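Peer 1: Each chain, letter by letter, is given below.
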Amino acid sequence: MKYGRQVKKNLTCLSNFADPGALHIEGFPTEVFRRQFVIENTEPFNDDPLQKAVHDLEVAETHLANAQAEEATAEHDVAEAIKEVKDAERAHDTVTVHVIHVNEVEKASFTERLTATLQQVWEKSYIELKIPPKAKDVFQTADKNPKSLMSFLSLTLEQAHQQKVIEDYCFGIASETGGA
Amino acid sequence: MAKANELPTLDVQAGAAALDEDIPRVLRVLGASSIEELGWSRPNKLKLFVPMCGVCQGEKEEYTLRLGFQAYRRWPPSAQFVNPVTLDYAYPQDQHFVPKLTSPECRTHIAYPRNPQGSTIQLICCSATLEFYDVLHGVEPHHIWRETDTFFSTIMAIQKAFVSFYEGRF
Numbered sequence: 000m001k002y003g004r005q006v007k008k009n010l011t012c013l014s015n016f017a018d019p020g021a022l023h024i025e026g027f028p029t030e031v032f033r034r035q036f037v038i039e040n041t042e043p044f045n046d047d048p049l050q051k052a053v054h055d056l057e058v059a060e061t062h063l064a065n066a067q068a069e070e071a072t073a074e075h076d077v078a079e080a081i082k083e084v085k086d087a088e089r090a091h092d093t094v095t096v097h098v099i100h101v102n103e104v105e106k107a108s109f110t111e112r113l114t115a116t117l118q119q120v121w122e123k124s125y126i127e128l129k130i131p132p133k134a135k136d137v138f139q140t141a142d143k144n145p146k147s148l149m150s151f152l153s154l155t156l157e158q159a160h161q162q163k164v165i166e167d168y169c170f171g172i173a174s175e176t177g178g179a
Numbered sequence: 000m001a002k003a004n005e006l007p008t009l010d011v012q013a014g015a016a017a018l019d020e021d022i023p024r025v026l027r028v029l030g031a032s033s034i035e036e037l038g039w040s041r042p043n044k045l046k047l048f049v050p051m052c053g054v055c056q057g058e059k060e061e062y063t064l065r066l067g068f069q070a071y072r073r074w075p076p077s078a079q080f081v082n083p084v085t086l087d088y089a090y091p092q093d094q095h096f097v098p099k100l101t102s103p104e105c106r107t108h109i110a111y112p113r114n115p116q117g118s119t120i121q122l123i124c125c126s127a128t129l130e131f132y133d134v135l136h137g138v139e140p141h142h143i144w145r146e147t148d149t150f151f152s153t154i155m156a157i158q159k160a161f162v163s164f165y166e167g168r169f
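Order-wise, the sequence lines are chains A and B.
Residues 0 to 179 (numbering that gives the first Met the number 0) make up the first sequence, in order.
Residues 0 to 169 (numbering that gives the first Met the number 0) make up the second sequence, in order.
Hints in this document: simulated from the structure, not taken from any laboratory.
Because the structure is a prediction, the values reported are computed rather than measured.
Each residue gets a CB set at the ideal place from its N, CA and C atoms; glycine is no exception.
Accuracy of the hints is not assured; some may be wrong.
As the list claims (entries may be wrong) - Distance ranges between label pairs, derived from CB positions:
| id | chain 1 | residue 1 | chain 2 | residue 2 | range |
| --- | --- | --- | --- | --- | --- |
| 1 | A | Q162 | B | Q12 | 34 to 40 Å |
| 2 | A | R112 | B | P115 | 56 to 62 Å |
| 3 | B | R41 | A | T110 | 36 to 42 Å |
| 4 | B | G38 | A | M149 | 42 to 48 Å |
| 5 | B | Y90 | A | T110 | 50 to 56 Å |
| 6 | B | R24 | A | P131 | 35 to 41 Å |
| 7 | B | A13 | A | Q119 | 36 to 42 Å |
| 8 | B | G117 | A | S150 | 38 to 44 Å |
| 9 | B | L6 | A | E157 | 48 to 54 Å |
| 10 | A | T110 | B | E35 | 30 to 36 Å |
| 11 | B | Q12 | A | E166 | 37 to 43 Å |
| 12 | B | E166 | A | R112 | 37 to 43 Å |
| 13 | B | P140 | A | Q119 | 49 to 55 Å |
| 14 | A | Q162 | B | Y90 | 39 to 45 Å |
Chain B extracted, bound-state conformation (with noise of 0.2 Å):
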């Protein structure tokens, strides 16, 4: 189970098995028969790409949601918005890749402070991801994340974020 105040740690085959094995049940519960039918894409053992979008002002955006397995079950998924060009993200040229969530169950940095060497990262604060507890973000016992935990846990945050938190683009 994920502590608050202890950086995670990785573990990429358990990560990749875990993945291997809950797709099917996230496949099952939506009714699905691929993870292409949901638009999502899996380019290797560790990453999957989710399509998000939100409407602010009448005006439908587009985002990328690039999740990493590196050290799930007993952490949550890597969580960050990524350029859907380079599928990656580099702080400034990117920032517009990244959606506006102010909910205050997730909430989204461009270049959030990682360490005192001032060293930043992408932060999409939710207690859901592993970039959460990388920064050592305080955290309630109950939000903690448990092993039980899916990664579709982590997509359904966000999602809801954007329903009602979505302000447009950084």
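Here chain A stands alone, though its shape is the one from the complex (with noise of 0.2 Å):
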């Protein structure tokens, strides 16, 4: 490109060619339309070898332009795909997780892979709702009739979802309690 407008300088042809106020067109930018129409609708510079390779240099540069613009819209296009492509495999691969922690009566809600394990959601769960753990806390389900998960601990959500020790991930931590 440098060079071309280099050697352009030297040149008087194509400003002579045409007058740029003769050019114009209502709402067409008159550069523009000397790159587009004139240069690649200029006779050939027959009789000056130089000249007409200039011609043929600025024509090949407009189609340069024109094709690196091209390449960047497709370059942000792959990279907006691969985002999405990302952004719905992790959504595929998460999901929330409510948890209510009974004695205290307060609750939290996070996002966690469906590889994790109940217990590693048990020990997120402490994080998420800012209480220590207690040594015979219980970690359970958290629907109307809860259920204890503590022989499910090595299970991941999506197993445990799938075997249906649980139906949702609504968990609950309670306090166990002495009795019988």
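Make the complex out of the two chains shown on their own, each in a separate frame, by following the hints.
Peer 2: This is the structure we're talking about:
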């Protein structure tokens, strides 16, 4: 591109060829017109090989600029598509977990991977609830009929759901009680 | 904090105030706007009635749990199953309004000896009920009721027993 402009400075043929004012078309910038129309539709410079070469170079540069613009657009589109795919994968691989602390009546929600085990979810729940764990706490479901999950802590969220150990991703932490 | 081998002391004003304070917290956690929405009722400052149900051999049976807050929150709420009509419990005629719960964490007794004189009470044997301490039941230190605990843990402990340890009516 720079080479073409440098050569062009030393030539007057193009500027003499057409008066920019005379070429003005409503809504169409004169310079663009010159580049797109005048350059490409000018009769070859049969009697001056250098001028012809410069002309060809200008045309090629125009094509290159267009191609580069298209490439940039395509790259942007590809980046957007990749982002969409990743977002979709993330949404597919994660779930929103809801947890309540039964004794202290606190609740929290957070995003967790389906590959996380119930043990990991339990441990993260304390962090999200900002309540320290107690030795005899029990991790359980949080529906109307709470069920202990202490025998299933090694299952992932996905496995627990598939095996119908849990119906949703709502959990509770409750301190064990004594009785009997 | 509750203590083992110590009889609960009553403080009805503190109990009513603590219940006033805790109900909104429980509603928030459950995503409900009122206790009526949950099917609960509060006939006075110190009582809360909570419907419960259990399924035994395919039969769904309903119960009414009465919670009392006369010693709350230093001690857990009183908890007994009652006749849904009288909203009270009289042994032996109301014993069939009590579910058989046999969980290691929560077991029901229709007439548990309260003192050497021979009086008995219905006991939901669970460290989250007032009666458990009232009968001076033995308790592990880590099971003792803490003042940060709420009546919601009492309800949940009993509900959990219904899920896996319910054996029908007495």
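Peer 1: Can you list which hints this structure breaks, lowest number first?
Peer 2: 1, 4, 6, 13
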